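Participant: I would like the entire structure built from these sequences, with the hints used as guidance.
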Amino acid sequence: MLRRSNPIQLATIAVLALLMQTVTGDVATAQTKKAEAEFTTGSSDPLIDFANQQIRQTWDDNEVKASPVADDAEWIRRVYLDIVGRIPKAEEVDVFLAEDDKTKRSKKIDELLANPDYVRNWTEIWTNLLIGRNTPDRTSRLGMRKFLRESFARNRPWNEIVYDLVTAEGHYEENGAVNFILAQLQGNIRSEDYHVEATAKLTRVLLGMQVQCTQCHNHPFNEWKQNQFWEFNSFLRQTQRIDHDKYDPESGRDVDDYSELVFRDFAGPVYYEMRNGLVQVAYPKYLESEVSPEAPNRREELGNLMAHDDPSHTVAKAMVNRTWSHFMGYGFTRPVDDMGPHNPASHPELLDRLSEEFVKSGYDVKQLVKWICNTEAYNLTSRFNEENEFDKPSAGEVPLFSHMYVKTMNAEQLYDSLLVATNADQSGAGNFQQVQQQRERWLQDFLRIFGGNDEDEPTLFSGSIPQALLMMNGPLVEKAISAEKGGYLHTVLSSSRFRNDNARIQALFVSALGRLPSRYELSQLSGAIRKYPNKLAAYQDVYWALLNSNEFIVNH
Amino acid sequence: MKTSTPAGMSRRHFMNHLALGGATTLGATHFLSNLEANAAQVSNNQKACILVWLGGGAPTIDMWDLKPGSKNGGEFKPISTKGDLQISEHLPKIAQEMDSLSVVRSLSTREADHTRGRYYMHTSYVPNPTVVHPTFGSVASYELGTKRKNLEIPSFVSIGGGSMSSGFLGMSHAPFVVDARGQIQNASTGGMDKQRLGQRLGMLSTIEDGFIKSGRGDVGQAHKDVYKKAVNLMTSDQMSAFRAEEESAEVRELYGSTPFGNTLLMARRLVETGVPFIEVQFPGSWDLHTDVFNTLKDQRLPLLDSGISGLVRDLKQRGMLEHTTIVVMGEFGRTPRINQNVGRDHWATSWSALIGGGGLQGGRAVGETDADGLRIVSESYLPGDLWATVSHALRIPLNTVHTSKRGRPMKLANGGQPIQDLIG
Numbered sequence: 011m012l013r014r015s016n017p018i019q020l021a022t023i024a025v026l027a028l029l030m031q032t033v034t035g036d037v038a039t040a041q042t043k044k045a046e047a048e049f050t051t052g053s054s055d056p057l058i059d060f061a062n063q064q065i066r067q068t069w070d071d072n073e074v075k076a077s078p079v080a081d082d083a084e085w086i087r088r089v090y091l092d093i094v095g096r097i098p099k100a101e102e103v104d105v106f107l108a109e110d111d112k113t114k115r116s117k118k119i120d121e122l123l124a125n126p127d128y129v130r131n132w133t134e135i136w137t138n139l140l141i142g143r144n145t146p147d148r149t150s151r152l153g154m155r156k157f158l159r160e161s162f163a164r165n166r167p168w169n170e171i172v173y174d175l176v177t178a179e180g181h182y183e184e185n186g187a188v189n190f191i192l193a194q195l196q197g198n199i200r201s202e203d204y205h206v207e208a209t210a211k212l213t214r215v216l217l218g219m220q221v222q223c224t225q226c227h228n229h230p231f232n233e234w235k236q237n238q239f240w241e242f243n244s245f246l247r248q249t250q251r252i253d254h255d256k257y258d259p260e261s262g263r264d265v266d267d268y269s270e271l272v273f274r275d276f277a278g279p280v281y282y283e284m285r286n287g288l289v290q291v292a293y294p295k296y297l298e299s300e301v302s303p304e305a306p307n308r309r310e311e312l313g314n315l316m317a318h319d320d321p322s323h324t325v326a327k328a329m330v331n332r333t334w335s336h337f338m339g340y341g342f343t344r345p346v347d348d349m350g351p352h353n354p355a356s357h358p359e360l361l362d363r364l365s366e367e368f369v370k371s372g373y374d375v376k377q378l379v380k381w382i383c384n385t386e387a388y389n390l391t392s393r394f395n396e397e398n399e400f401d402k403p404s405a406g407e408v409p410l411f412s413h414m415y416v417k418t419m420n421a422e423q424l425y426d427s428l429l430v431a432t433n434a435d436q437s438g439a440g441n442f443q444q445v446q447q448q449r450e451r452w453l454q455d456f457l458r459i460f461g462g463n464d465e466d467e468p469t470l471f472s473g474s475i476p477q478a479l480l481m482m483n484g485p486l487v488e489k490a491i492s493a494e495k496g497g498y499l500h501t502v503l504s505s506s507r508f509r510n511d512n513a514r515i516q517a518l519f520v521s522a523l524g525r526l527p528s529r530y531e532l533s534q535l536s537g538a539i540r541k542y543p544n545k546l547a548a549y550q551d552v553y554w555a556l557l558n559s560n561e562f563i564v565n566h
Numbered sequence: 119m120k121t122s123t124p125a126g127m128s129r130r131h132f133m134n135h136l137a138l139g140g141a142t143t144l145g146a147t148h149f150l151s152n153l154e155a156n157a158a159q160v161s162n163n164q165k166a167c168i169l170v171w172l173g174g175g176a177p178t179i180d181m182w183d184l185k186p187g188s189k190n191g192g193e194f195k196p197i198s199t200k201g202d203l204q205i206s207e208h209l210p211k212i213a214q215e216m217d218s219l220s221v222v223r224s225l226s227t228r229e230a231d232h233t234r235g236r237y238y239m240h241t242s243y244v245p246n247p248t249v250v251h252p253t254f255g256s257v258a259s260y261e262l263g264t265k266r267k268n269l270e271i272p273s274f275v276s277i278g279g280g281s282m283s284s285g286f287l288g289m290s291h292a293p294f295v296v297d298a299r300g301q302i303q304n305a306s307t308g309g310m311d312k313q314r315l316g317q318r319l320g321m322l323s324t325i326e327d328g329f330i331k332s333g334r335g336d337v338g339q340a341h342k343d344v345y346k347k348a349v350n351l352m353t354s355d356q357m358s359a360f361r362a363e364e365e366s367a368e369v370r371e372l373y374g375s376t377p378f379g380n381t382l383l384m385a386r387r388l389v390e391t392g393v394p395f396i397e398v399q400f401p402g403s404w405d406l407h408t409d410v411f412n413t414l415k416d417q418r419l420p421l422l423d424s425g426i427s428g429l430v431r432d433l434k435q436r437g438m439l440e441h442t443t444i445v446v447m448g449e450f451g452r453t454p455r456i457n458q459n460v461g462r463d464h465w466a467t468s469w470s471a472l473i474g475g476g477g478l479q480g481g482r483a484v485g486e487t488d489a490d491g492l493r494i495v496s497e498s499y500l501p502g503d504l505w506a507t508v509s510h511a512l513r514i515p516l517n518t519v520h521t522s523k524r525g526r527p528m529k530l531a532n533g534g535q536p537i538q539d540l541i542g
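If you're matching them up, the sequences are chains A and B in order.
Plus 10 on top of the position in the first sequence (first one is 1) and you've got the numbering used here.
Plus 118 on top of the position in the second sequence (first one is 1) and you've got the numbering used here.
Source of the hints: derived by calculation from the structure; they are not laboratory data.
Computed from a predicted model, the values in this text were never measured in an experiment.
From the three backbone atoms N, C-alpha and C, an ideal C-beta is built for every residue, glycine too.
There's no promise every hint is true.
[Claimed, not checked] Here are some chain B residues pointing at chain A (derived, C-beta under 10 angstroms):
1. Pro245
2. Val295
3. Asn304
4. Gly308
5. Arg318
6. Phe329
7. Ser332
8. Asp336
9. His520
10. Thr521
11. Lys523
Facilitator: The structure is reproduced here in structure tokens:
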């Protein structure tokens, strides 16, 4: 499909194409008409039509006029960030914009799902969800990643992945799936609380149910009762971590060796105390299915019920809701992991239908992504207008998906995008392992500063002064604008293709923001550049400003 | 075109320019427009709290609540103080200031694990998988910092690190971490002159404003606001609060002329600048499972003694003690029983914290443990009661309620009540 060609040449062509698009100015009107007709990415699947109808219905019901379809430049940056976790390279933007094919969006979605970066991105997302951004003590992030990487690379059915996460036993690097539960098992095994965090996390992340409040009391405003928490909890009682130490001759002390998740001898019911001091008893029970307390392996029972024997498809619904929220900024419920009769979904029929089809597809995660990315809603611009500006979930409104919601990049997306925009990984790179280590180091630094709160909704900007300082003055951006050989700035400045200030500024815009500068921006920036005695410094500062801008750090 | 890196960049050089030049010399880009020449105004009467954190859990039975005559008593003797209580013989300088400080001797806090104890003592809440509670410094920042319009530096500073998260109060109230020398990570812009910084920021402004105007919601403006604060910080006169070395040798001597003393001095300068909450990490661990008495007597206590006594005296001389609350504690105390390695282990059942200033009563021992230090024989207190006492001193209303991201109301200091003997 894509011939090996000179990226700079392509860049020039696309810059011109883009420029013409901007200058002609009636792109927006043309696109509005297109949206009013039938929008399609080129993919034909009745489920996508159904989704579009459902979403349009809520627009009509709420009398909003949806925003037009995003132009290709806006959309390509978004779909890269969402599927492969980074912005597109300048030449990837160029090729896509230059392509004249009505089905190019759906083709791009397929192509990105086949890209190894999809596996890397999904592994990263789920590692963070399952064990958090800060790895708990004696838990193997490496093992967790390995399990997920292998699973997503083979596109294993989601219910099988869930089954493994729930039932796994063994060494934390040999069977990486154990790290999900291992990460939640800390403290004293004799304590009644030993399995509490695992209970709360498992139900929340895999089932989209928040039963944790019912650990101590009946839920004040949903139907979960206190016994439900302890019923789930009793499935996990036959579980414990074993930490192995080894002697370190250098320090003369015992140090961590490895950990494992093993079967723990436990039988009978779980006892818990009610607020009024009465002691109650709970038996293993998953939703409506009771399990004999004599069952030899309760976690296997639970895994089977969740993955294969749940007529309400709770696991599928939770995954659909979370994946929808990943792409759209908001799920069908808020929070995304608090589903149930007390918290009705914004688009219940769509959620049910998507879940049903997801099950029918054999819990095919890539298929789910395709459905979502090919919907009309995912393809709209993030600009809103007077007739849909109240579709603003950040102000507490129920999302209507009448325009794309702006998401802020997470730490991983930001890092990987900075590398793309600047080729920083290519200028003085080193081998794969060094590059990985550098990434880990920077992410640690960044997360310490950034907070990395796993609870934050992606649509909120939670930036802080230290984060701004890290971007403004930190080593990564400094390297990005250093104009070392191989870096993007060097490439632009040393190429005879970009002869004048305007062409160079345009190239830097495409690389960082995936779009051309407006006329106003161009005149302001080229005016500013002329005041510099040193041209290199001028371009470094343009790039610095682009990489530090609000537009760079958001996915819109 | 030249593509090499320009030579002659020196970060320090530029920061000096910025910091000394301050508000008046910078270019007129509107990023910098709200800098005012008088922004570094000293405000002596603003309420503040300095938390000195004894990480690892200090053996308070050897410091504030000695048990002479008990098998648990250990090697140290109590001495009389200027207050109405006795403390360890190895804290003689603090003893001279005890008319201004009190000891709460009946903390019972149940969390004897480092991580859980640290969380509990900082937030007043036990760890809970559903929510991250804010450390009290973030609460003070949220309640007080936002009202101090002249404050250009963050309103919760953690010197030496080791504080906790701002939780659901958000990143703008997270501890702003500086190292023990007051160095701020990434606050320097390399060897760039101020004119070029202005040019950079001007270009940034062009791009940011375009995005803000594109009709995509509040994120763009929120980002610009944070950058504005960061630039103000980089260029603010108030940054000098972080430079304890600007104090005279005489003042530094008062604090013991140690790195720890300098961090406390920095804390005082931050209070003067208007920062409502400063947490100072004590350098060195108090997790003394072995050889507790020698370590205390030769290392930890002399350092603590000169530092804390210096801080109290200095604040008093400047008339700031009435407005500045001091809390000295760690995540728990240590076992009354002395183990086979002449150490003490983790103990949360009955232990002490030092608290004073801010208009609180000094010279008192509040609460009581039994003769062996094993049990509390008076009313006992929780971290929430300590922080409610501090809230009282900071004039944060006790009925303040914060709302978690999931909409749950959270009482200030977990509903703790001010300790009557301290506020009476």
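Participant: Are the hints correct? Go through all of them and say.
Facilitator: How the hints compare with the structure:
Given hint, proline 245 of chain B at the interface with chain A, holds; its Cβ is 9 angstroms from that chain's nearest Cβ, closer than 10 angstroms. Residue-level restraint check for valine 295 of chain B holds (minimum Cβ-Cβ distance to chain A is 7 angstroms; threshold 10 angstroms). At about 4 angstroms, the closest approach between the beta carbon of asparagine 304 of chain B and any beta carbon in chain A falls short of 10 angstroms, and the interface hint on this residue holds. With a least beta-carbon distance of about 7 angstroms to chain A, the hint placing glycine 308 of chain B at the interface is held under the 10 angstroms criterion.
Annotation: interface hint on arginine 318 of chain B holds; nearest CB of chain A at approximately 5 angstroms, less than 10 angstroms. For phenylalanine 329 of chain B, the interface hint holds, since its Cβ comes within 10 angstroms of a Cβ in chain A; the closest pair sits about 4 angstroms apart. At its closest, the beta carbon of serine 332 of chain B sits 6 angstroms from a beta carbon of chain A; the interface hint therefore holds under the 10 angstroms criterion. The beta carbon of aspartate 336 of chain B comes within 7 angstroms of a beta carbon in chain A, closer than 10 angstroms, and the hint placing it at the interface holds.
Because the closest C-beta pair between histidine 520 of chain B and chain A is about 15 angstroms apart, greater than 10 angstroms, the hint is violated. Given hint, threonine 521 of chain B at the interface with chain A, is violated; its Cβ is 13 angstroms from that chain's nearest Cβ, farther than 10 angstroms. Here the hint on lysine 523 of chain B is kept, as its CB sits about 6 angstroms from the closest CB of chain A, short of 10 angstroms.
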